[in-house]
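2 protein chains.
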Amino acid sequence: MFQSFSATTSPDQGPPRLAALREAMVGAGVDAFIVPRADAHQGEYVAPCDERLAWLTGFTGSAGFAAITQDIAAVFVDGRYRVQVRAQVADDFTPVDLPENKLGPWLAERLSEGAVVGVDPWLHTQTEVAALNKALGDKVALMPVENLVDRIWSDRPVPPSGAAKAQPIELTGESSISKRERMAETLRKAGHRAAVLTLPDSISWMLNIRGSDIERNPVVQAFAILHDDARVSLFAEPSKFDPLGPDPAIDIAPAADFEDALAGLTGPVRVDKATAPVAVSKILSEADIEVAWGDDPCILPKARKTEAEIAGTRDAHLRDAAAMIEFLTWFDAEAQKGGLTEIDAVKALEGFRRATNALEDISFDTISGAGPNGAIVHYRVTEGTNREIKPGELYLVDSGGQYVDGTTDITRTIAVGPPGGEERAAFTRVLQGMIAISTARLPRGVSGRDIDALARAPLWRAGMDYDHGTGHGVGVYMNVHEGPQRIARTSEVPLEPGMILSNEPGYYREGAFGIRIENLIVVREAAELGDGRDQLDFETLTYVPIDRSLIDAGALAPWERDWLNSYHAEVREKVAARLSDAARDWLEQATRPI
Amino acid sequence: MFQSFSATTSPDQGPPRLAALREAMVGAGVDAFIVPRADAHQGEYVAPCDERLAWLTGFTGSAGFAAITQDIAAVFVDGRYRVQVRAQVADDFTPVDLPENKLGPWLAERLSEGAVVGVDPWLHTQTEVAALNKALGDKVALMPVENLVDRIWSDRPVPPSGAAKAQPIELTGESSISKRERMAETLRKAGHRAAVLTLPDSISWMLNIRGSDIERNPVVQAFAILHDDARVSLFAEPSKFDPLGPDPAIDIAPAADFEDALAGLTGPVRVDKATAPVAVSKILSEADIEVAWGDDPCILPKARKTEAEIAGTRDAHLRDAAAMIEFLTWFDAEAQKGGLTEIDAVKALEGFRRATNALEDISFDTISGAGPNGAIVHYRVTEGTNREIKPGELYLVDSGGQYVDGTTDITRTIAVGPPGGEERAAFTRVLQGMIAISTARLPRGVSGRDIDALARAPLWRAGMDYDHGTGHGVGVYMNVHEGPQRIARTSEVPLEPGMILSNEPGYYREGAFGIRIENLIVVREAAELGDGRDQLDFETLTYVPIDRSLIDAGALAPWERDWLNSYHAEVREKVAARLSDAARDWLEQATRPI
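Read top to bottom, the protein sequences are chains A and B.
Residue numbering for the first sequence follows the working numbering, starting at 1 and increasing by one per position.
Residue numbering for the second sequence follows the working numbering, starting at 1001 and increasing by one per position.
Just chain A, same shape as in the assembly (with noise of 0.2 Å):
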């Protein structure tokens, strides 16, 4: 099993390990010392090296900070955090609701005149820290220090060192020295003389490579330097490439070397100040080396997949979906007869995604909530929340797998039992939201901004909604959140051919149930269709049965219930043949028409 259930905190770890990074907080002359959960990459799965948020303060949340002072210790986490963060924390620790509280103003109010912040400068951005001075003024100070967990973190293990593997030219459908080339001639247009790459899937994409470092994101961790010559410097343990065999255009040195070698580049150097550690930039000028501020040059032209990348996408849904439609088979006998709980079914999915023989791991640990629990956003089943899976409740799971030729993400909520008139009405709503996006044609140069209305506008006539974005990017045998199209009022990137979102809009009553409903989608050029507009729209890649005793068919406009309709037939059309005889009957029960 890849996925574990016991807790890995406990909130009594907690207190003794605060009164130490207090004491060294003394010694290093901070008043206030910040406890990110990114590691120096940003990403969203960290090295249980990096794990210095839980291992300080028992929170496992994926995102999330604590800011420590001599008088409180507070864990700011965001409304997906609320109710864990409170099971997971010692009363030494104080919660802190965010987004309505921000780092700035909190510590402005708590600290008196001359004050210092100490910040590990690998574990902030430019645009984090720039945020932070605004907010403190000239009444804090803010100063970067050796990181005071590491120093206090006795046991602390040693940096992940898996090794790397080459994605074949097949699946990424462009070659590693064509990106290259093509991103340091973006390089020399703008002038810069070389980028600094710090996200491990930026790298991963750049060099065709996958890694295993981390759990859940095949990525490699590693710092880079793409130079305008398309040369690249590598900055990891160099075994890890020992697999790859060498390339005379990519030199690699161990990670102890990066801050040498950046000291020694000729600028103008790109660095993006949303993604890479204020430590770079720093760096940088104390060696007098002109900063130019850029978006790291991979983000856009990896979200924009390639034909191969797309085709592998869509093998892998359907692999997915086969393995998924057993498990809903399975899963449909097995509550029935009670008794069934949350991790059963995690273990049980786990299992038929294993059975396909091509899962190289889950993309990220899956969600799995009965009742009450499902309307817990981001609920991780422990041993201790583990819930039977009871008649007349909500069962939702949001799971995904990683396979090598795509990444797969998928959310069903499923009724145990006829469900009740709410559910359905709201369970109805959300599929209505999830329709509209699905079955969206746009005009080029919208953004996600531009379309998360559409996703919940069947909530909001009812005076609902959900608390979190319509749509993330996915990646290709990669992260499964990526950016930086999204479906959200944030995001205000174009969305172009080739970039894939998730779908998922959702309803959430506290105490009673949750639900979701969602597919992966790709955007691609529209077929002609009416005046000949130029527009895109959204080809589904995720095909798996939605409960039909959930859909109250009858408020449904036409067009969505053909939808629904010509979905379920699709749905036959592409699994069915892939299917065990018993998962191949309760399709076509799944999918008739309604």
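Calculated directly from the structure, the hints in this document are not laboratory data.
Don't be surprised by glycine CBs; every beta carbon is placed ideally from N, CA and C.
Worth double-checking, as some hints may not be accurate.
Claimed, not checked - Using C-beta positions, here's what the derived DEER-type ranges look like:
{"hint": "1", "chain 1": "A", "residue 1": "62", "chain 2": "B", "residue 2": "1307", "range": "45 to 51 Å"}
{"hint": "2", "chain 1": "B", "residue 1": "1332", "chain 2": "A", "residue 2": "528", "range": "51 to 57 Å"}
{"hint": "3", "chain 1": "A", "residue 1": "189", "chain 2": "B", "residue 2": "1137", "range": "48 to 54 Å"}
{"hint": "4", "chain 1": "A", "residue 1": "490", "chain 2": "B", "residue 2": "1585", "range": "52 to 58 Å"}
{"hint": "5", "chain 1": "A", "residue 1": "528", "chain 2": "B", "residue 2": "1092", "range": "38 to 44 Å"}
{"hint": "6", "chain 1": "B", "residue 1": "1527", "chain 2": "A", "residue 2": "332", "range": "51 to 57 Å"}
{"hint": "7", "chain 1": "B", "residue 1": "1496", "chain 2": "A", "residue 2": "285", "range": "40 to 46 Å"}
{"hint": "8", "chain 1": "A", "residue 1": "181", "chain 2": "B", "residue 2": "1524", "range": "54 to 60 Å"}
{"hint": "9", "chain 1": "A", "residue 1": "582", "chain 2": "B", "residue 2": "1496", "range": "55 to 61 Å"}
{"hint": "10", "chain 1": "B", "residue 1": "1307", "chain 2": "A", "residue 2": "10", "range": "56 to 62 Å"}
{"hint": "11", "chain 1": "B", "residue 1": "1421", "chain 2": "A", "residue 2": "553", "range": "22 to 28 Å"}
{"hint": "12", "chain 1": "A", "residue 1": "559", "chain 2": "B", "residue 2": "1492", "range": "28 to 34 Å"}
{"hint": "13", "chain 1": "B", "residue 1": "1177", "chain 2": "A", "residue 2": "100", "range": "35 to 41 Å"}
{"hint": "14", "chain 1": "B", "residue 1": "1492", "chain 2": "A", "residue 2": "190", "range": "51 to 57 Å"}
To be verified - Under the rule of at most 27 Å between Cα atoms (straight-line distance), these lysine-lysine pairs were calculated in the DSSO-like manner:
{"hint": "15", "chain 1": "A", "residue 1": "189", "chain 2": "B", "residue 2": "1139"}
{"hint": "16", "chain 1": "B", "residue 1": "1189", "chain 2": "A", "residue 2": "134"}
{"hint": "17", "chain 1": "B", "residue 1": "1189", "chain 2": "A", "residue 2": "102"}
{"hint": "18", "chain 1": "A", "residue 1": "282", "chain 2": "A", "residue 2": "189"}
{"hint": "19", "chain 1": "B", "residue 1": "1337", "chain 2": "B", "residue 2": "1102"}
{"hint": "20", "chain 1": "B", "residue 1": "1189", "chain 2": "A", "residue 2": "189"}
{"hint": "21", "chain 1": "A", "residue 1": "189", "chain 2": "B", "residue 2": "1102"}
{"hint": "22", "chain 1": "B", "residue 1": "1134", "chain 2": "B", "residue 2": "1102"}
{"hint": "23", "chain 1": "A", "residue 1": "139", "chain 2": "B", "residue 2": "1189"}
Unchecked claim - Covered, in the sense of this in silico footprint (three residues per stretch, anywhere, with C-beta under 8 Å from a C-beta of chain B), are these stretches of chain A:
{"hint": "24", "region": "240–253"}
{"hint": "25", "region": "531–541"}
{"hint": "26", "region": "553–564"}
Given chain A, put chain B in place with the hints provided.
Leaving out everything else, chain B in the frame of chain A:
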């Protein structure tokens, strides 16, 4: 009759005037001269003395500008005016497409090193001039000059001197002194000693007055300075204000004194770079007075209508709805007979509005387009274009009234005889977009940009769209187009309670037919529903039937059909008692449930 149907210009007036202008350009030492449509007050309607663009070129559209060099006389117009400009200007003028071409780059390409572009600093804003300067770079210089059109326009009309009148507090809901004190406090908080006001609707709103200087827009043309102690200096022909009586806090001086008054101020003085003529900041700067760029302080308070303004607007809309329904009753009977023309319809509609005995003016020139003329978005019928409204065609009528208690703006599209299938399909999609906005509930903070797609999605899905915004702000017995709120991808101003907007999706098939359905709506706090989220919604202000014969009921969602039927029931309930017997009978038929 208010509206005229004669062509006010002719193409052959242009060439001799162009020759005279080119001579004046040589005399003034400029290689190019810009002739905008705008006057110094950036209004949509301008006084006859400010019709420079029409006088010079013959083009009478409501937006556009000319750029004249010795080699080329370009008339820049947007998509609405592509056809019209070709009919109105002589061959000496070259139509240029907006927004594909931008003035700055266009000039930079055509002028040689060291060339000089003359502009009248009273007719261009700082924002425009900055954009132009940036595009022209070091190569070409921008020079403020006396207006060269005015110099050659020997029989130029005198500026308007229409009498002002007081708008009673019962209709404004807030006294002028309260408004002035509120805004003076805004200025003091910002550390500004005064604000320069150049928009007639800002000044009219602040002083609770209305004017008769220009047609359609009942505002007073003037400049004003609001001081930080709430005193106002007003610059316009003083006799305009005789009907109001003296106010010790308001000094009135001739417009000619405005420049000296500016030069005598103490800074910082707030100037709106998007609306004030660049002459204002030039005069201040030359007198060493600090310019503080900032929004016209009236714009946002004016947009948030008071309860009294909303109540008045409701009354005006019911009065106007009765006139519209009398018109539609008449139209239905007359159109059957044959021979009815676009101009006949305009005259009849104005007659019904005048018969209310409350009409001050129409709020804009009525757009009355049959068949292919309906596809011309800003069509203005003249004797030359007038067309018979024939059976089998669609007829589009976009019109409105100025009443002392409110401003209306309504579009209806009517089928003469049984409509074709494509017309019905398109009309139904436009209606679905219009219902999507009418029924929307929104979180606070959402802007027009965030909901524009709701109105377009039903068209987008069929490869269709419309090339104008979905909605504009509307004043109260004031300009029918006002900012800052809009429903459009370009508008990021959060919607706030009290803002009045139009809701007018459309569809235009060139050479065939045009469809637009427009109601006015006002933003309000939504009644509690669902999860008790803090939401806004729209109250509909316009109550006039929507042509049932153009609706494909089978394509509507259940909730869309419900909205339509309950809207029609409300029309009957609110307006029937105000109608003639014939119109009441017609209304009964027109509002049957579908």
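Subject >> Pairwise beta carbon distance, residue 62 of chain A to residue 1307 of chain B, judged against the given window 45 to 51 Å >> reply: holds, 47 Å
Original post:
Given the proposed pairing of residue 189 of chain A with residue 1139 of chain B, does the C-alpha separation stay at or below 27 Å?
Top reply: holds, 23 Å
Original post:
Are 3 or more residues of the region 240–253 of chain A near chain B, judged by a Cβ distance of less than 8 Å?
Top reply: violated (count 0)
Original post:
Under the criterion that the straight-line Cα-Cα distance not exceed 27 Å, is the pair residue 1189 of chain B, residue 189 of chain A satisfied?
Top reply: violated, 46 Å
Original post:
CB of residue 1332 of chain B to CB of residue 528 of chain A, is that within 51 to 57 Å?
Top reply: Roughly 38 Å apart at Cβ, these two residues miss the hinted range, so it is violated.
**OP:** Starting from residue 1134 of chain B, check that the Cα of residue 1102 of chain B is at most 27 Å away, please.
**Re:** holds, 12 Å
Original post:
Using the C-beta atoms of residue 582 of chain A and residue 1496 of chain B, is the stated range 55 to 61 Å upheld?
Top reply: About 57 Å separates the Cβ atoms of residue 582 of chain A and residue 1496 of chain B, which means 55 to 61 Å holds.
Original post:
Taking only the CA atoms, is the gap from residue 189 of chain A to residue 1102 of chain B under or equal to 27 Å?
Top reply: Judged against 27 Å, a Cα distance of about 25 Å means the pair holds.
Original post:
Taking the CB of residue 1307 of chain B and the CB of residue 10 of chain A, does the distance hold inside 56 to 62 Å?
Top reply: holds, 58 Å
Subject >> Pair hint outcome, residue 282 of chain A versus residue 189 of chain A [Cα-Cα no greater than 27 Å] >> reply: holds, 25 Å
Original post:
Does the hinted range 51 to 57 Å hold for residue 1527 of chain B and residue 332 of chain A at CB?
Top reply: Once the Cβ atoms are compared, 41 Å apart, the range 51 to 57 Å for residue 332 of chain A and residue 1527 of chain B is violated.
Original post:
So does residue 181 of chain A sit 54 to 60 Å from residue 1524 of chain B, Cβ to Cβ?
Top reply: holds, 58 Å
Taken one by one, the earlier hints fail for this structure at numbers 2, 3, 6, 14, 19, 20, 24, listed in ascending order.
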